[in-house]
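Chains as they are written, first to last, in numbering that gives the first Met the number 0: chain A, 0 to 128; chain B, 0 to 152.
Mixed in with the good hints, there may be bad ones.
One side only, chain B facing chain A, incomplete, derived with CB under 7 Å [what the hints assert, rightly or not]: (1) I13; (2) V15; (3) T18; (4) M93.
Below, a sample of chain A positions facing chain B; criterion: calculated Cβ distance under 8 Å [stated by the list, open to error]: (5) A87; (6) A89; (7) K121.
Calculated from the structure, these hints are not laboratory results. We treat Cβ as the ideally placed atom computed from N, Cα and C, and that holds for glycine.
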Amino acid sequence: MADRSVKILVVDDFATMRKVVRNLLKQGGYDDIVEAEDGAMAFKTLKSQKIDVVVSDWNMPNMSGLELLKAVRADAELAKTPFLMVTAEALQDNVVAAVKAGVNNYIVKPFTAEVLNEKIKKLVEGLDK
Amino acid sequence: MNVKFINPFLEGTISVLKTMAFVEPRAGKPYLKVDSAAKGDVSGIIGLTGSAAGSLALSFSEGAILKIVSNMLGEDIKSINSDIKDAVGEITNMISGVARKNLEAEGFYIQAAIPTVVAGKGHSITHVMGGPSLIIPFDIDEGTFVVDVCLAE
């Protein structure tokens, strides 16, 4: 069973995808979930409340997932926040760009609840280290 | 139209719908479409650029998309609402992603724009490149849908 005190920020411009990710995370025992519809809104959320793990899409208007990741890593207060990219962008160059920007893990859509929650579990385990 | 373009989109469609919506679509025989009429009640379209350019459209019948999105969200959706339109955009995006990854293995490096969605009986799909597009028809028990690819090297 997951640690229920873990707060996860789900970032995606598609409301249905946020709902899908939320449902899948609930299957893994994660109930404390907040949502943002683009990178800019996500960054504001990160600055205003304690978020343990970010689960972000890549392609979004206003601020993409990659831009959000770079902003998080450049912010002294947020820099160590675990960041999982969940995206349809599977091209090798995209994965390399995300790794260079400091992503902790990367999931290519489509994905199952098992894959998502396994990656989240590993990030959560690293929170106390 | 290069025949190498067929399988990446066919496989992408089956993979996305099987994994995210727990349905196993049956593919029919691909054919060339010459007019711009969509074959469904709601469509998603996404522009593609790079070493091959054009667009990908998915057109779903109402019965097919209600089943697919109901399964994705774990809710019983009874009409084409904002959730359905939103999901069609995301499904189009995901299928484009898997197909582009598969095409990368064939030497094509293709990027995608943000998808748009059109709903309503008798709407039309106009591809960026013009000209005929390739239709891959699919069906599930609740209805039909097509994958409509217009891509040129």
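task = Give me the numbers of the hints this structure contradicts, sorted from smallest to largest.
result = 1, 7
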